[in-house]
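> Taking the hints into account, I'd like the entire structure generated from these sequences.
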Amino acid sequence: MTEKKFTDRELEILSVRYRLKLLHYIKAAGAGHTGGSLSCTDILNVLYNDVLNVSPENLSDNHRDRYIQSKGHSVEALYVILADRGFFPEKELEQLCKYRSKFTGHPSRKVNGIEFNTGALGHGLSISAGIALAGKKDQAPFRVFTLLGDGELAEGSNWEAAMVAGHYHLDNLTAIVDLNDLQITGPVREVCNPYPIDDKFSAFGWRVTETDGHSIPRLRETLHHLPAELGKPTLVIAHTIKGKGISFMEHDKRWHHGVPSDEEYTRATEELESELRRLTGFDDPS
Amino acid sequence: MEQLVTGKANLDVFAETLSELAEENRNIMVVTSDSRGSARLAAFAARLPDQIVEVGIAEQNLVGVAAGLASAGKTVFAVSPACFLTARALEQIKNDIAYSNQPVTLVGISAGVSYGPLGSTHHSIHDVAVLRAIHNIGIMVPADNFETREAVLAAAASQRPVYLKLGKKAMPHLPRESGCFEPGKASLICRGNDVAIIACGETVAPAYQAAQKMQGMGITTEVISMHTVKPPDREAVIRAASKCRAVITAEEHSISGGLGEACASLFLEASICKPFKILGIPDEETVTGSQTEIFCHYGISAEGITKTALSLISLSR
Ligand SMILES: [Mg+2]
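Protein sequences, first through last, are from chains A and B.
Anchor point for the first sequence: position 193 equals 193 in the working numbering, and the numbering is continuous, going up by one each time.
Anchor point for the second sequence: position 55 equals 55 in the working numbering, and the numbering is continuous, going up by one each time.
Hints are computed from structural coordinates only; laboratory data are not their basis.
C-beta: ideal position from N, C-alpha, C; glycine also.
Be aware that a few hints might be false.
Selected chain B positions facing chain A (Cβ under 8 Å, derived; list incomplete) [stated by the list, open to error]:
id	residue
1	66
2	92
3	314
Some chain A residues well away from chain B (every beta-carbon gap over 12 Å; in silico) [unchecked claim]:
id	residue
4	6
5	8
6	29
7	85
8	95
9	116
10	138
11	184
12	185
13	212
14	241
15	258
16	266
17	270
The structure is reproduced here in C-alpha cells:
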C-alpha cells in the first residue's frame, strides 16, 4: 500500500522512534494523553506504514482508505505518525496545544491527513459506518478503519453504529479496539464492565478477531486479512498496555493524561533509547 | 380582507422537492430514523430505494452516519422529528456536522408544537436556541410552500451545514413583495409603517392575518418572514424597526434564545429603542393541545398578535 515495504524490525524501530517523539511533544506542550498514545502507537504504525492506502498525494482521491480516530484523545501518536508519513513537516508539532495552533489536543481537520474532528467519545463508529455505506453505494474500493478506546465502549452511540454496520453488512469497515483495560478512573471492568466485547459485537453481526496490539507481525497479519469474513464488518480486539514502552507508565491510570516531569522524561527517553539500541543492534543509522 | 388560499403542509413540499432533486441527482442520499412515514418520504423510498438509508430509531447514529456519507461525497439530508434530532443528537450535530464542516442538511420535521397534544417530549421549542449557539450551521424556518421549496433547493446546493425546520400543518400561500428567494435575505410579506412583525415558519401566516385585521383599523403593518433565522437579515429588521412605531417578533419556539432575542440584540446594537415584544412560548411547561390551541394560548395567533400590536402602538403615542 505504501511505496516502501518495511520489515517487521524496521516497523518496530519506527514504533520506538514514534514513542520518543510523542513524549517529546507532550513534554514540550505540557499537555497530552500519554498513556493512550503509547498504547495505540504500534497499531497506528502498522496502519499508516503497511495497511492504509492513504498518503499526502492521494488525500483528495475519494478512493483513498479512511482512518477515523474515535478515541481522539490519543492524538499525539497520530500527529507524530502523520508527520513521519509526510502529511506536514514535523517541526510544526512544536505548536501542539499552543495558542492559535491548528494542532489541538484532539484531532482537527485543519491538520493535513485528519479526516474528522473527533474527541467527544462514541462518534467515530457512526461516522465510519456512514463512509463505509457511501463506499458500498458507489462500489468504491476504499476501506474504513476506526480506532475505539475500551472505556469509550460505554457510549451508547457505539452500539447504534454497531447495529447499523451489521445490518448493512459493511465488510469494508474495520473497528479496532485499543484494549488497554484502563480508563481514567481505573480498570474498565471496574468502572462499567464492557466485557465480553467479542460476544457483544458478534451478536451485532460483526466478525471479531483478537490480536496482540504491540506485536508488529501479528498486527500486520491481522490487518492484511480483512474483512475477517465476507459480508461482515470486522472488529479487531487489540490487546495493549496503557503507557506501553515505559516501565513506570505501563498499566498505570495516572498516565492517562499525565505529563512527565523533567526527571521522568529523562528516565522515559533513556528506556526508549535503550530499546532502540537493542532493536538496531547498537547500530542506529540515524 | 383578502382570503388566503391554503396550500399543502411544508413537509409535503419538502418531500416532493427532495424527490425531484434526487431523481435528477443520484448522489443525493436521505437518512431516516424510522421516520420516512412521518417525513412523507414513503414514496421516495419506494421509487429511489438506493438513495435512502434507514438507521432505525437512533438519532445520534443518524447524524454520525450522515456526516460520514457527506464526507465521502454524498449530498445528504438527515431527516428526523425536530424534537429528537436537535436534542438527543446535539453533540453529533455540533462535532460531526458543524465542527467537522460536513455539508449535511438536517431536517427537523413536525417541529415546534406540531405534535402539540403529545406533550413536551415531542415539542421542539429549543432547537433554534441551541443551534444558534453552534458555529457553522445555518438555520432555515420557511413560512409557506414557496419558501419551503426554495429552502430545500438552497440547502441541497449549500456547501455548509443547514438545519431546516418544518411543520406539518397545511400552510396558506402568502403574498410577498418580491418573487425571489435568497437565503439570508428575509421575505417582505407586506409593507407598513405603524408596526413591524418579524416572524418565521408557521407564525408568519398569523402575523399576516393580524396585519390584515389591523388594516381595517387604519394601521399599516410590515410583515417580514425571517426564513433564514441564522444568520438573520440584519438590514431588513433594522429597516423595519427604524421606520415603524412598534416591533413584534413571533416564533414557534421558546422566547429564550430564538428569533426574538436575535432581533433584540440587533436593535440594541443599532440603538433602536421602540416598544417591542417577543411572542413565543414562555419559560414554563408548555400547555398541551393542538398547534392552533397552543398558538392561541400564548398569543401567537392572529388575534393574539393583533392585541399585542395594538397595545404596543398605544405605548408609542
Ligand atoms: Mg483504555
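> Next, verify each hint and record whether it holds.
Results for each hint:
no. : hint : result
1   : 66   : 6 Å, holds
2   : 92   : 6 Å, holds
3   : 314  : 51 Å, violated
4   : 6    : 29 Å, holds
5   : 8    : 33 Å, holds
6   : 29   : 21 Å, holds
7   : 85   : 20 Å, holds
8   : 95   : 20 Å, holds
9   : 116  : 5 Å, violated
10  : 138  : 8 Å, violated
11  : 184  : 19 Å, holds
12  : 185  : 21 Å, holds
13  : 212  : 30 Å, holds
14  : 241  : 29 Å, holds
15  : 258  : 26 Å, holds
16  : 266  : 38 Å, holds
17  : 270  : 39 Å, holds
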